Amino acid sequence: MKIVNLKVNGVGKTFIARPETTLLLALREQLGLTGAKRGCAQGACGSCTVLLDGDPVVSCLIPAMTVDGGDVATVEGLADGPVLSDVQQAFLDGFATQCGFCTPGMIMSAEALLDRNPSPTRDEVNEAISGNVCRCTGYEPIVSAILDAAERRRAGANL
Amino acid sequence: MPRVNPIDGDYFRDERKDGDFKVIGKTVQRSDALGHVTGRTEFFEDRTFPDLAHIKIHRSAHHHARIDAVDTSEAERVPGVLRVITHRDVPSNWYVVLRLIGIEPNDEPVLAEDRVLYKGEPVVAVVADSEAAAIEGAARVRVSYTELPAVLDVEEALAEGAPIIKQAGTNYFVYEGHHARRLRFGDVEQGFAQADHIFDWRYSSAPIEHAPTETTGCIVVPQSSGRLLIHSNTQAAFFTLDNTALILDRPFSDLQVKGGTVGGGFGGKVDVMVEPLACIAAALTNRPVKFVYSRAEEMQVSSPRAAERIYIKDGVMNDGRIVARKVMLYVDAGAYSRHSPYGTTKACAHLPGPYTIPNVYADCHCVYTNRTPSSAMRGFGVTIADFALESQMDRIARALGLDPLQFRLRNAYRDGDLKAHRKVAEGTALIEVIQRAAALVGHDLPEEYRALSSTTPRGEAA
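Line order of the protein sequences matches chains A and B. Taking full-length UniProt numbering, the leading residue of the first sequence gets 1, the next gets one more, and so forth. Taking full-length UniProt numbering, the leading residue of the second sequence gets 1, the next gets one more, and so forth.
Same shape as in the complex, but just chain A (with noise of 0.2 Å):
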């Protein structure tokens, strides 16, 4: 068992972990964070996805005692109050959702995308989200949304 420090979406939390717990179960079991799925549970389905310390990572394979003194940001942080985020707000209006499942972990590798690469191409954004399964099969309106979402945030940032 080990205490672990952390910042989860801008604000310290502290937790212990067991050696089996993961960081997937931290955030969804003991830190009230559910945005986070388990689909597989083995880093193949990328419904877990979550940025820590900036990179998307499958929080389902990582060790929860590995993370102490990281940055975790998660699919709740995104949105200020009643405002979404860019990527957030063209995913509803693009409607790149069905079930919702594969959602938060789409838009998580969306927002690692262009918080590195500001314009990137379709061919980019379909590598990006690469680690990321549909089973709705929705993925041309969010691979379109994750564009809008760059021209969003490209005008945005030419104000």
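Hints were generated in silico from the structure; no laboratory data involved. Some hints could be false.
[Claimed, not checked] Computed, partial: chain B to chain A, Cβ under 8 Å:
1) R30
2) S31
3) G39
4) R450
5) S453
[Unchecked claim] FRET-style restraints, in silico, Cβ to Cβ:
6) B:W201 - A:A155: 54 to 62 Å
7) B:F238 - A:N5: 42 to 50 Å
8) B:R142 - A:L61: 26 to 34 Å
9) B:S73 - A:T66: 51 to 59 Å
10) B:D32 - A:G131: 22 to 30 Å
11) A:P118 - B:R77: 43 to 51 Å
12) A:D80 - B:K22: 29 to 37 Å
13) B:E113 - A:G10: 51 to 59 Å
14) B:I101 - A:K7: 25 to 33 Å
[Unchecked claim] Where chain B lies over chain A, by a calculated footprint (3+ residues, C-beta under 8 Å):
15) 37-49
16) 69-82
17) 94-106
18) 134-142
None of these values were measured; they are calculated from a predicted model. Just so you know, even glycine gets a beta-carbon here, dropped at the ideal spot from N, CA and C.
Given the coordinates of chain A, assemble chain B onto it according to the supplied hints.
For chain B alone, coordinates are given in the frame of chain A:
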């Protein structure tokens, strides 16, 4: 930025009044999308409960075997294991989900009794404090089997001398005393005799797993009232409630299902697979209990779309008219009925496809094998039948050197045609759909085919 194409109002204009469409053609936001993009949509597993217990299953190691002995003593000694559940703990162990619409007999046990009919069939459920202890407990259940000959192919299952795997005595579902759901219209043999060409081909499909991103699961919470509250991702809340109550031998009013939020279903979450055992475990331990499939279980034991085998024999005239169609269709239900008797009926109802054919004969078999039980998936029964029917249409067109769209238009059903099921066709639109599709892809149709209409009675044109 609406990405919705405007509705083309040209077709069937006389069938509706101006202003009928208030929503169609307009952009309307989904009511659940805001929850989806903010992560606030509450899926069943997003609820946490203190003292939550977990279920894992010991599953059959064989396709077909007699169970000689079950030893749970070692499982019970695993630290954290609260309870081991066998078929003796299930008040009414035998069920078929479709009994709610009159299908019988009950052909599937919640937990296996003296035999297993497929690899992965649940034999013993282990309830434990933690998921890890439940996994360990399930692994330590010891079952002694005597293997029996397995049947893994639909036609082998129906062949003479095949081992009978079902207690009801036949390897097929009995439809009102018959071996298959049957369709008889006209005289198919006479149709073949008058035809210029006969085409007889075979089609087959493999099982298809839905693989929803969220695996099948539920959490059952005992209430102070004595009722059981079921948080489930079922696609069929009322089927689940009623079947679970029947299995528990308790009044329907003892159960409440909260659901409707499904992380991908596609038909894969309409069986009643997790709720009965979770309810039994919750009642026995008086604790909230979670039963959720691992990804491996979802892939291996959740019901897939049935494998099908379809033989289509057609009699066709030189001008492209189909005068007779005979279909022998086999749905691989796997070991148990689940929704397959209904899916097979749907397949039969779909024949002979959207074509007007004067002589039709079909036997649609719902066949039991020692494979994973199949069940509902997106248009089950119809989808694979369509694959076979439309492949057949393309192959005939190619063989006769006909344009595949003209060949379909020539045989397309129209309003007023008597279908093989003795129903008069109405609201048909195949002709218009083909015409529009042809125009969209730049496929030229001769004037006589462009002039066809679903509402023109047969015989007046083409």
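Cross-check of the supplied hints:
no., hint, in the structure
1, R30, "7 Å, holds"
2, S31, "11 Å, violated"
3, G39, "3 Å, holds"
4, R450, "32 Å, violated"
5, S453, "34 Å, violated"
6, B:W201 - A:A155: 54 to 62 Å, "57 Å, holds"
7, B:F238 - A:N5: 42 to 50 Å, "48 Å, holds"
8, B:R142 - A:L61: 26 to 34 Å, "33 Å, holds"
9, B:S73 - A:T66: 51 to 59 Å, "39 Å, violated"
10, B:D32 - A:G131: 22 to 30 Å, "25 Å, holds"
11, A:P118 - B:R77: 43 to 51 Å, "59 Å, violated"
12, A:D80 - B:K22: 29 to 37 Å, "35 Å, holds"
13, B:E113 - A:G10: 51 to 59 Å, "56 Å, holds"
14, B:I101 - A:K7: 25 to 33 Å, "55 Å, violated"
15, 37-49, "holds (count 9)"
16, 69-82, "holds (count 5)"
17, 94-106, "holds (count 9)"
18, 134-142, "holds (count 4)"
In this structure, the earlier hints numbered 2, 4, 5, 9, 11, 14 are contradicted, and the remaining ones agree with it.
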